[in-house]
Amino acid sequence: MIHIAITAGGTEETIDGVRKITNMSSGSLSWFCLEAVLSYIEKHKIEAYTIHYIKASRAVTNELNAEQASHINFIEVTNTQSVYNAVETLMNEVDVDIFIHAMAISDFSYAYSVAKSDLAEEIYQHIAANKKISKKDIEAIITNPKSKHSADAKISSSQEIVMGFETTPKVISLIKKIKHNTFLVGFKLVKHNKDNHMIKQAEKLRLANNCDAVFANKASQLSVKGHAGVLLYKGEPVAHPIGKKEIAEAIVNLAFQKIN
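Residue numbers (our numbering): 1 to 260.
Please note that the accuracy of each hint is not assured.
Taking lysine-lysine and the DSBU-like style, the derived pairs with C-alpha atoms no more than 35 Å apart in a straight line are [claimed, not checked]: (1) K20 x K131; (2) K135 x K146; (3) K258 x K20; (4) K132 x K116; (5) K245 x K258; (6) K136 x K154; (7) K177 x K116; (8) K43 x K148; (9) K131 x K148; (10) K258 x K218; (11) K258 x K179; (12) K258 x K43; (13) K45 x K154; (14) K148 x K132; (15) K176 x K154; (16) K177 x K204; (17) K234 x K176; (18) K20 x K132; (19) K136 x K45; (20) K234 x K245; (21) K20 x K245; (22) K176 x K200; (23) K200 x K116; (24) K234 x K218; (25) K177 x K154; (26) K116 x K135; (27) K43 x K245; (28) K179 x K135; (29) K131 x K170; (30) K191 x K131; (31) K177 x K131.
Derived from the structure by calculation, the hints contain no laboratory data. Just so we're clear, the structure is a prediction, and the values are computed from it rather than from any experiment.
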């Protein structure tokens, strides 16, 4: 039995009952990867397989035939913590052969909001009461101000506010810690236009998270047809695909080649 995991879409971090922080990821590249896996499996007549598709609610999906759908385990997620939990559970329960981690994960989650004037007053009162207040004391106030809004209340638009964010757990680093034999594909999006910088950043991601392959591309190249970048295996460029379909095929072909 071959197990393939793919993450898709962008996470959503809730602020209050009506607002969320998200990103523009559609999850379309992930779906192209799923289709590329199905195509490879059909071509090579592989019968025993499951694709675990971990997807955000807004990630695109297309129609599958009954045979294909019977081999796909859709796992719905929302925020980064839910992705982390889903991946942790999957990796502990299943021997995943290939993991394509293409989801756009938020680096930060919402912690609190506070009226700017209220936070300033709280800090001022602490300073007035203690002339020897330290940087650490001020940091403690900013981390968890007493004047913050109630967690379940809608944030009012009548005052200017300050928002606090905390870092989210790193999903990609979890994968190989649990199953070191999994073939892991990471993705690195960079703003810098120089190829050597892009490759350097991709290699940094690979080494930090024990990825086997990384697809790196530039933010300026994001589109369905013009989407382009470089696929690296163990730090070395192995393909320069153009177009999401071609990128997905390059990734999937490399992954199956290396696990066989």
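Okay, the hints, checked on the actual structure:
1. K20 x K131: violated, 39 Å
2. K135 x K146: Measuring from Cα to Cα gives roughly 17 Å; hence the hint holds.
3. K258 x K20: violated, 40 Å
4. K132 x K116: Answer holds: K132 to K116 is near 24 Å, not above 35 Å.
5. K245 x K258: Judged against 35 Å, a Cα distance of about 20 Å means the pair holds.
6. K136 x K154: Distance of about 30 Å is within 35 Å: holds.
7. K177 x K116: Status violated; Cα separation ~42 Å.
8. K43 x K148: violated, 58 Å
9. K131 x K148: holds, 24 Å
10. K258 x K218: Holds - the C-alpha atoms of K218 and K258 are around 26 Å apart, at most 35 Å.
11. K258 x K179: holds, 16 Å
12. K258 x K43: holds, 17 Å
13. K45 x K154: Violated - the C-alpha atoms of K154 and K45 are around 54 Å apart, more than 35 Å.
14. K148 x K132: Between K148 and K132 the Cα gap is close to 24 Å, so the pair holds against 35 Å.
15. K176 x K154: Violated, because 40 Å separates the two Cα atoms, which is more than 35 Å.
16. K177 x K204: holds, 17 Å
17. K234 x K176: holds, 15 Å
18. K20 x K132: The hint is violated at about 39 Å.
19. K136 x K45: Roughly 62 Å separates the two Cα atoms, so the pair is violated.
20. K234 x K245: Status holds; Cα separation ~23 Å.
21. K20 x K245: OK: K20 and K245 at ~30 Å, within 35 Å.
22. K176 x K200: holds, 21 Å
23. K200 x K116: Violated, at roughly 40 Å.
24. K234 x K218: holds, 20 Å
25. K177 x K154: Cα-Cα ~39 Å, so violated.
26. K116 x K135: holds, 19 Å
27. K43 x K245: holds, 17 Å
28. K179 x K135: violated, 42 Å
29. K131 x K170: Distance ~39 Å between K131 and K170 Cα, so the pair is violated.
30. K191 x K131: violated, 44 Å
31. K177 x K131: violated, 47 Å
In the structure shown, a violation is registered for the earlier hints numbered 1, 3, 7, 8, 13, 15, 18, 19, 23, 25, 28, 29, 30, 31, in ascending order.
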